[in-house]
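Student: Sequence:
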Amino acid sequence: MDVPASLLRYAEPGHGIAPAEDLLRLPGFWPAWFGQCWGGPAERPELFGADGADVDAAAQSLYETSEVWPALRIPMAGKHLLWIVLRNLPEDGGVDYLLTHPDWTRDAPLASIEGHFSGPGLSWLELIAVADGAPADAEGVRDPARRLLLLLPAFGDADVPVAAAVSRVAVALTAVGADAERAPAVARVLLDHPFWDGPSWAVPGESPLSGGRERPGPLAVCDGRHSPRTVPSGPGGLTAAQARALAAALTGAPPR
Numbered sequence: 001m002d003v004p005a006s007l008l009r010y011a012e013p014g015h016g017i018a019p020a021e022d023l024l025r026l027p028g029f030w031p032a033w034f035g036q037c038w039g040g041p042a043e044r045p046e047l048f049g050a051d052g053a054d055v056d057a058a059a060q061s062l063y064e065t066s067e068v069w070p071a072l073r074i075p076m077a078g079k080h081l082l083w084i085v086l087r088n089l090p091e092d093g094g095v096d097y098l099l100t101h102p103d104w105t106r107d108a109p110l111a112s113i114e115g116h117f118s119g120p121g122l123s124w125l126e127l128i129a130v131a132d133g134a135p136a137d138a139e140g141v142r143d144p145a146r147r148l149l150l151l152l153p154a155f156g157d158a159d160v161p162v163a164a165a166v167s168r169v170a171v172a173l174t175a176v177g178a179d180a181e182r183a184p185a186v187a188r189v190l191l192d193h194p195f196w197d198g199p200s201w202a203v204p205g206e207s208p209l210s211g212g213r214e215r216p217g218p219l220a221v222c223d224g225r226h227s228p229r230t231v232p233s234g235p236g237g238l239t240a241a242q243a244r245a246l247a248a249a250l251t252g253a254p255p256r
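Just so we're aligned, residue 1 is where the sequence shown starts under the working numbering, counting upward by one.
Hints in this document: simulated from the structure, not taken from any laboratory. Since this is a predicted model, take the numbers as computed values, not measurements. Ideal Cβ positions, reconstructed from N, Cα and C, are used throughout, including at glycine. Careful, some of the hints might be misleading.
Unchecked claim - Once the Cα atoms are required to be at most 20 Å apart in a straight line, the calculated EDC-like pairs of lysine to aspartate or glutamate come out as: (1) K79 <-> D137; (2) K79 <-> E12; (3) K79 <-> D143; (4) K79 <-> D2; (5) K79 <-> D103; (6) K79 <-> E21; (7) K79 <-> D159.
What the hints assert, rightly or not - Derived DEER-like restraints, expressed as beta-carbon distance ranges: (8) Q60 <-> G40: 28 to 34 Å; (9) P204 <-> T105: 23 to 29 Å; (10) E139 <-> T230: 41 to 47 Å; (11) P90 <-> S200: 35 to 41 Å; (12) A164 <-> D197: 39 to 45 Å; (13) A185 <-> E114: 40 to 46 Å; (14) D179 <-> G14: 37 to 43 Å; (15) A241 <-> Q60: 41 to 47 Å; (16) E46 <-> L8: 26 to 32 Å; (17) T230 <-> D2: 27 to 33 Å; (18) R44 <-> S200: 39 to 45 Å; (19) E139 <-> V189: 19 to 25 Å; (20) R25 <-> D132: 37 to 43 Å.
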């Protein structure tokens, strides 16, 4: 799959973007991946059957490849594609979650993990729906456990069913090689995001001034002040039709 033109414009001059799902095979990938937010897993790589050298090698491949930025693709319903781009600029590095669609003229930012962070971009219900909703034969990451864990840094929600969430994340961690007995404790750490403190999500109702000509968009709105999803049009200012289609892709519901 070619990189969308919108992402080529997003990349800084002199830098490119390339799919890099092969990085998921590195022994130290998961400790290095979680280290960007939570730190602890990177300091205890043995939880994932790795060692310090594995984590260093994975971190170098993930965060020090500056000429061509690695990207992990999460295919979604309705031809939406979420690109997780490791923006490896020497003075402005970060991990960007960017939504694309063949009919969009630009990408829509969902979250950024960096010093000037942006997010969350997903509620708990959306996180689970996207993790479980890989289209058949799509390019990119299709395994539900890996999708869930890759999306966790972009997630934040005050209304989380704690016991079910810990169980679900622990199962995903075990699926990628984490120690089964210690996976629930790691899951609790990962569900406590250090960048945003559990903002709430709600689907806006129809305005009484609309006259009923336009159905209310089903795209949930976040009350977190750092989230790109604080307006009903969603990230990037989508049209009403685009917002409805994205809502369907994020929730697994039929388009409205």
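Student: All hints are to be evaluated individually against the structure, with a verdict given for each.
Tutor: We went through each hint and held it up to the structure:
1. Note on K79 and D137: the hinted pairing holds, with a Cα-Cα distance of about 12 Å set against a maximum of 20 Å.
2. Between K79 and E12 the alpha-carbon distance is near 26 Å, which puts this suggested pair outside the 20 Å criterion.
3. Restraint check for K79 and D143: the C-alpha separation of about 17 Å stays at or below 20 Å, so the hint holds.
4. Taking the CA atoms of K79 and D2, the gap is near 14 Å; set against the 20 Å cutoff, the hint holds.
5. Restraint check for K79 and D103: the C-alpha separation of about 9 Å stays at or below 20 Å, so the hint holds.
6. The straight-line distance between the Cα atoms of K79 and E21 is roughly 19 Å, inside the 20 Å bound, and the hint therefore holds.
7. Proximity of K79 to D159 is assessed by CA-CA distance (about 29 Å); at most 20 Å being required, the pair is judged violated.
8. Between Q60 and G40 the Cβ separation comes to about 20 Å, which falls outside the hinted range of 28 to 34 Å.
9. P204 and T105 have their C-beta atoms about 25 Å apart, which keeps the hinted 23 to 29 Å range intact.
10. A C-beta distance of roughly 31 Å is found between E139 and T230, which places it outside the suggested range of 41 to 47 Å.
11. The supplied range of 35 to 41 Å is met by P90 and S200, whose beta-carbon atoms lie about 37 Å from each other.
12. Between A164 and D197, the C-beta spacing of about 20 Å breaks the proposed range 39 to 45 Å.
13. With their beta carbons about 27 Å apart, A185 and E114 fall outside the hinted range of 40 to 46 Å.
14. Taking the beta carbon of each, D179 and G14 are about 42 Å apart, inside 37 to 43 Å as hinted.
15. Range check, A241 to Q60: Cβ separation about 43 Å, and the 41 to 47 Å hint holds.
16. Against the hinted window of 26 to 32 Å, the Cβ-Cβ separation of E46 and L8 comes to about 40 Å, which falls outside the hint.
17. Judged by the Cβ atoms, the range 27 to 33 Å given for T230 and D2 holds: they are separated by roughly 32 Å.
18. In this structure, R44 and S200 break the distance hint of 39 to 45 Å, their C-beta atoms being roughly 32 Å apart.
19. With their beta carbons about 31 Å apart, E139 and V189 fall outside the hinted range of 19 to 25 Å.
20. Distance hint check: the CB atoms of R25 and D132 are about 22 Å apart, inconsistent with the given range 37 to 43 Å.
Going down the numbered hints, you'll see the structure goes against 2, 7, 8, 10, 12, 13, 16, 18, 19 and 20, while the others check out.
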